[in-house]
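Chains A and B supply the protein sequences, listed in that same order. Letter by letter, the first sequence follows residues 1 to 95 in this note's numbering. Letter by letter, the second sequence follows residues 1 to 490 in this note's numbering.
Treat the hints with caution; some may be incorrect.
[Claimed, not checked] Distance condition first, Cα-Cα at most 30 Å in a straight line; then the derived DSSO-like pairs of lysine-lysine:
no., chain 1, residue 1, chain 2, residue 2
1, B, 205, A, 78
2, B, 35, A, 62
3, B, 146, A, 61
4, A, 62, B, 90
5, A, 78, B, 35
6, B, 35, A, 61
7, A, 62, B, 401
8, B, 146, A, 92
9, A, 92, B, 205
10, B, 113, A, 61
11, B, 307, A, 61
12, B, 401, B, 355
13, B, 486, A, 72
14, B, 309, A, 62
15, A, 62, B, 113
16, A, 78, B, 96
17, A, 62, B, 487
18, B, 205, A, 72
19, B, 449, A, 61
20, B, 401, B, 449
Read the hints as simulated data drawn from the structure, not as lab findings. For clarity, every value in this text was computed on a predicted model and none was experimentally measured.
What follows is the residue order along each chain.
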Amino acid sequence: MQVDEATVRRIARLARIRITDEEATSLQGELSGILDWVTQLDEVQTDGVEPMTRVIPMTLKKRADVVTDGDKADDIVKNAPASEDHFFVVPKVIE
Amino acid sequence: MQTKANGKVSNLVKGETGDWEIVVGMEVHAQVNSKAKLFSGASTAFGAEPNSHVSLVDAAMPGMLPVINEECIAQAVRTGLGLKAQINLKSVFDRKNYFYPDLPQGYQISQYKQPIVGEGEILIEVDGESMTVGIERLHLEQDAGKSIHDQSPDSSYVDLNRSGVALMEIVSKPDMRSAKQAQAYVSKLRTILRYLDTCDGDMEKGNLRADVNVSVRKPGAPLGTRCEIKNVNSIRFIGQAIEVEARRQIGIIEDGGTIDQETRLFDAARGVTRSMRSKEEAHDYRYFPDPDLLPLEMTQDYVDAFKAKLPELPDEKLARFTKVFGLSPYDAAVLVAEKEAANYFEQVAKGRDGKLAANWVNNELFGRLNKEGLDIEHSPMTAAQLGGIVDLIASGTISGKIAKDLFEIVWAEGGDPAEIVETRGMKQVTDTGAIETAVDAIIAANPDKVAQVQAKPSMIGWFVGQVMKQSGGKANPQAVNDALKKKLGV
Numbered sequence: 001m002q003v004d005e006a007t008v009r010r011i012a013r014l015a016r017i018r019i020t021d022e023e024a025t026s027l028q029g030e031l032s033g034i035l036d037w038v039t040q041l042d043e044v045q046t047d048g049v050e051p052m053t054r055v056i057p058m059t060l061k062k063r064a065d066v067v068t069d070g071d072k073a074d075d076i077v078k079n080a081p082a083s084e085d086h087f088f089v090v091p092k093v094i095e
Numbered sequence: 001m002q003t004k005a006n007g008k009v010s011n012l013v014k015g016e017t018g019d020w021e022i023v024v025g026m027e028v029h030a031q032v033n034s035k036a037k038l039f040s041g042a043s044t045a046f047g048a049e050p051n052s053h054v055s056l057v058d059a060a061m062p063g064m065l066p067v068i069n070e071e072c073i074a075q076a077v078r079t080g081l082g083l084k085a086q087i088n089l090k091s092v093f094d095r096k097n098y099f100y101p102d103l104p105q106g107y108q109i110s111q112y113k114q115p116i117v118g119e120g121e122i123l124i125e126v127d128g129e130s131m132t133v134g135i136e137r138l139h140l141e142q143d144a145g146k147s148i149h150d151q152s153p154d155s156s157y158v159d160l161n162r163s164g165v166a167l168m169e170i171v172s173k174p175d176m177r178s179a180k181q182a183q184a185y186v187s188k189l190r191t192i193l194r195y196l197d198t199c200d201g202d203m204e205k206g207n208l209r210a211d212v213n214v215s216v217r218k219p220g221a222p223l224g225t226r227c228e229i230k231n232v233n234s235i236r237f238i239g240q241a242i243e244v245e246a247r248r249q250i251g252i253i254e255d256g257g258t259i260d261q262e263t264r265l266f267d268a269a270r271g272v273t274r275s276m277r278s279k280e281e282a283h284d285y286r287y288f289p290d291p292d293l294l295p296l297e298m299t300q301d302y303v304d305a306f307k308a309k310l311p312e313l314p315d316e317k318l319a320r321f322t323k324v325f326g327l328s329p330y331d332a333a334v335l336v337a338e339k340e341a342a343n344y345f346e347q348v349a350k351g352r353d354g355k356l357a358a359n360w361v362n363n364e365l366f367g368r369l370n371k372e373g374l375d376i377e378h379s380p381m382t383a384a385q386l387g388g389i390v391d392l393i394a395s396g397t398i399s400g401k402i403a404k405d406l407f408e409i410v411w412a413e414g415g416d417p418a419e420i421v422e423t424r425g426m427k428q429v430t431d432t433g434a435i436e437t438a439v440d441a442i443i444a445a446n447p448d449k450v451a452q453v454q455a456k457p458s459m460i461g462w463f464v465g466q467v468m469k470q471s472g473g474k475a476n477p478q479a480v481n482d483a484l485k486k487k488l489g490v
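Let the hints inform the model, and build the full structure from the sequences given.
This is the structure we're talking about:
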């Protein structure tokens, strides 16, 4: 499967990864190679097979509706590059 | 934007090239009533200090895993049942990927191909006509945090208190054909959610908000290209947004242009919608099943248990009010719009004349509450007090006019209506002797009017007024009328 340069740039933009022209070219080859490798899975006949979501029988774990967490604003903003009055401060984003 | 043709309301909009039909579909985001968030144990309470209702899961710290809140599942099931919808015993959580500073995970956990609730319907009434609006689906998802842009000229402030709070996204079919229908749909949906107690429906706090999809077409033509108006947060604005957006689209098409499918914002201050083009690029959400969460599976018994405990819903209540209390569909509809109002009415009506009770609740009480900007839960007059007033009217102890005075006294001062009537001498005079004496006095003092009333019997109203005035409104109007007719011979 051949990935073109426009697709590489689009994927990079969606992932918010800045790439140079050289990288865009080399990533074309790399991504195409990965996709070719994964495409081998298409050879397996999976019609009528449910996607496997667990290897042992288990069900979705659930929690009671009880407040057990929070009140740790200091911790929450601790790693933030910038914060003020417990708000995260980020470069202006406005529509 | 409505015209009447042949007595039937038409929703078509006049353009330069003829009539146009508006097509509306809605996505309503309703915050689930729960104490804790969808996938964490942090509180959902409104108005807390910034980032104080945030767990490490909500802040998307590495290694944190979501664990679903069972009450949020229950609320979605209840809501689905209230919308007469298909409940899917197996549903799947997916990641919807996009970047925004108030979305720390870089994705929203939502449901894409397999939602918890499938097709259902809502009955609405517009201009006296009922219609059904189809529900396409309902799914559970996380809310994002909140960005504040006005604290600093070059920064935005992010508060994650709302991040991870459970939302139900309720998607309608494109079944609505006017702004009025769309407004009726949201009002009815809000009423149902409030009856079910699955969402408080508070639009001011953003706990219920609508994305409105609008397109236009010539009647009978295939669907036109739609625009989505994001986050409209009041029922009034929903109506305005649809009208101006439809006008905009008709204008473009009639000028030979085409509609771009895009996301727009309604600017209430200027009364226009405007494009949010910056969002377009991000529309590739690359959904995939969330590997942190197993499929959500339920048994039919689990669903049936909620079905058995479902409260009486507005349509059923309306039917009962018209049948049991003999109310008009209009009066019943006004009463059932808010669960609290319906409960209040039932207390007033219990063991009394339902129509009389409905009149006093709908006209006097609601009128007064509106004037004071109060809701029914903050009414200074209890249902027992209003019921007491209704009793006094029904027994003929006070006249309708005195009842209004009594209403004012109880509203302002409180107290037991029967006691107030007793101590302040407000009882209606039905003593025919006293009434006849008053009637005789008025007749004797106004010979000219007596002459007039012989020629024009409707003049009797003037005499009634005089007698009532003299009695301070306490005379029984019927008794006064009877006595006057007898004495005047009309």
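Problem set entry | Numbered hints the structure breaks, given as an ascending list | Of the numbered hints, 7, 13, 17 and 19 do not hold.
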